[in-house]
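Same order as they appear, the protein sequences are chains A and B. To convert, take the position in the first sequence, counting from 1, and add 155; that gives the numbering used here. To convert, take the position in the second sequence, counting from 1, and add 155; that gives the numbering used here.
One thing to keep in mind: the hints can contain errors.
Each pair may be met inside one copy or between any two copies, as identical chains are not told apart.
[Stated by the list, open to error] Restricting the straight-line Cα-Cα distance to at most 20 Å, the calculated cross-link-like pairs of lysine to aspartate or glutamate (EDC-like) are: (1) Lys-171 x Glu-186; (2) Lys-351 x Asp-380; (3) Lys-178 x Asp-191; (4) Lys-337 x Glu-210; (5) Lys-337 x Glu-348; (6) Lys-337 x Asp-380; (7) Lys-217 x Glu-305; (8) Lys-374 x Glu-345.
Calculated from the structure, these hints are not laboratory results.
Below, each chain spelled out in residue letters.
Number of protein chains: 2
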Amino acid sequence: MKTPVYQVIENDIKDKIQKGELKHGDMINSENELKDMYFVSRMTVRQALNNLVNEGYLYRHKGKGTFVNNIKIEKKMQGLIGFTEEMRRMNKRVRSKIITFDTMKADDEIASKLFLKPGDDVYSIERVRYGDDIPVLFERLFIPVSLFKEMDQKIMESSFYDYIENHLNIKISHCIQTLEAKSSNPRVSEMLEIQKSSPVLFMTRNTFLDRGFPFEYVKAYYRADQYRFIQHSVR
Amino acid sequence: MKTPVYQVIENDIKDKIQKGELKHGDMINSENELKDMYFVSRMTVRQALNNLVNEGYLYRHKGKGTFVNNIKIEKKMQGLIGFTEEMRRMNKRVRSKIITFDTMKADDEIASKLFLKPGDDVYSIERVRYGDDIPVLFERLFIPVSLFKEMDQKIMESSFYDYIENHLNIKISHCIQTLEAKSSNPRVSEMLEIQKSSPVLFMTRNTFLDRGFPFEYVKAYYRADQYRFIQHSVR
DNA sequence: TAGTGGTCTAGACCACGGA
DNA sequence: CCGTGGTCTAGACCACTAG
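All chains, please: the whole structure from these sequences, using the hints.
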């Protein structure tokens with residue numbers, strides 16, 4: 156279980172950035188210096204630096220050197236920040252209430268999103284999520300019954316994604332989200348405790364397993380005065 | 156202006172995936188085969204394959220081989236799809252109209268977003284963008300004068316990002332976007348040709364150069380009935 | 001056991017940037 | 001000019017997978 160040399164070099168440089176010994180804009184040791192410092196060949200040094208450049212820690216300028224990037228934004232933070240994480244950033248208490256939990260027959264839209272035939276069984280789950288007891292989001296999830304025969308309300312109240320990845324041992328591959336502005340309809344207004352026809356942020360999410368099949372389709376309404384999406388993109 | 160060998164190999168493999176000669180799950184030629192096919196050393200082959208793995212085209216299994224990934228498109232489309240691209244997907248003609256083009260003193264908000272002091276000079280550029288002659292988005296850009304002394308209207312009418320990356324030879328590092336729903340104010344209603352207090356999608360974007368400094372801060376209003384954001388996230 | 005990718009060496013020549 | 005990163009070589013040994 157020996158750590159490869161290039162990973163040792165990577166970790167040393169990351170540590171120095173973490174500790175503040177290397178700051179944004181600083182030039183790090185040149186490849187030839189690092190090669191002599193670690194008694195390795197230059198290609199090994201380059202392997203370490205390439206990885207750090209790809210992860211956004213460093214950037215290079217030919218003829219000048221290799222420099223520390225301004226990396227509050229790591230690749231980890233890429234993509235949209237989820238509801239729970241965002242609420243935690245704002246120090247708000249999170250709570251969920253399940254409104255309905257049914258099975259139904261998929262209509263054309265749901266069927267096409269979940270790669271089913273119209274009329275196939277899907278779970279339909281409505282819930283409201285609160286931050287500091289203020290309703291922030293009203294969502295409806297559609298999940299194929301055929302994929303999760305033993306679904307129950309307890310799974311939905313804890314972490315559905317955890318259940319899939321750790322209990323069923325299936326990896327989640329990717330998702331496609333859409334975001335648009337809408338006026339709230341009466342049902343949404345009631346659930347979010349806002350006036351009729353207020354602006355709301357409407358999101359859909361289609362999430363796929365690593366076999367390429369979708370396992371959920373979600374429609375969600377966010378209160379305009381309580382939530383915004385934040386997204387970091389690299390490169 | 157000679158293309159490096161590893162890029163030739165990369166392009167050949169990308170082409171084969173594009174043409175369908177290589178499909179999801181197919182094993183590509185081994186590193187030793189590729190080395191003999193291109194009359195290069197194995198390290199050069201590995202440089203090509205490493206890049207394709209990082210871009211999501213391929214994945215490797217030690218002891219087995221290198222395989223074609225199925226999500227090549229999603230990785231490329233990761234992050235939010237831009238206005239021009241989205242309009243093209245919907246086969247709409249794109250047009251921009253610059254409304255105002257001024258310099259002004261940064262207020263507290265603009266200054267903090269652009270790492271300036273309040274009172275520093277910034278360009279303020281308002282424009283409306285149309286799809287098939289329907290106004291889709293009204294945006295206001297703030298750009299530090301100190302970074303782009305020779306800015307003029309023609310740069311903004313063509314591609315600002317192209318100008319930075321290719322003429323000034325500075326790389327763009329990353330951006331932070333926020334998205335929320337709002338009611339349109341009178342100015343926005345007029346520009347987007349919609350009724351007063353209609354729902355609009357409000358976006359801000361703060362974009363950074365590879366030195367870590369921001370070069371633009373954008374506020375944009377999207378017509379709810381004409382635009383939605385689509386986002387792909389991997390893993 | 002044979003073949004694959006993972007790690008690593010000790011060199012080389014080039015293009016670019018700054019003094 | 002010299003030092004930097006960019007590209008490339010012709011080997012080597014290892015760990016893993018499959019037949």
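Homo-oligomer pair classification [Glu-210, Lys-337; C-alpha up to 20 Å]: Answer is neither; intra-copy 36 Å and inter-copy 35 Å both fail.
What label fits Lys-351 with Asp-380 when the C-alpha limit is 20 Å: within, between, both, or neither? Close inside one copy (14 Å) and across copies (18 Å); limit 20 Å.
Given identical chains, is Lys-374 near Glu-345, meaning Cα to Cα at most 20 Å, within a copy, between copies, both, or neither? Answer is within: at 16 Å inside a copy they meet the 20 Å cutoff, but 31 Å across does not.
With identical chains, the pair Lys-178 and Asp-191 could be close in the same copy or across copies; at 20 Å between alpha carbons, which is it: within, between, both, or neither? Classified as neither; 23 Å inside a copy, 44 Å across copies.
Give the relationship of Lys-217 and Glu-305 under a CA distance limit of 20 Å: within one copy only, between copies only, both, or neither. neither (53 Å within a copy, 26 Å between copies)
Measure nothing new, just compare the shortest in-copy and cross-copy C-alpha distances for Lys-171 and Glu-186 to 20 Å and report within, between, both or neither. within (17 Å within a copy, 35 Å between copies)
Using 20 Å as the alpha carbon limit, work out where Lys-337 and Asp-380 are close: within a copy, between copies, both or neither. both (14 Å within a copy, 8 Å between copies)
Is the C-alpha distance from Lys-337 to Glu-348 at most 20 Å within one copy, between copies, in both cases, or in neither? Both: 16 Å inside a chain and 17 Å across chains, each within 20 Å.
In terms of the numbered hints stated before, the structure departs from hints 3, 4 and 7, listed from lowest to highest.
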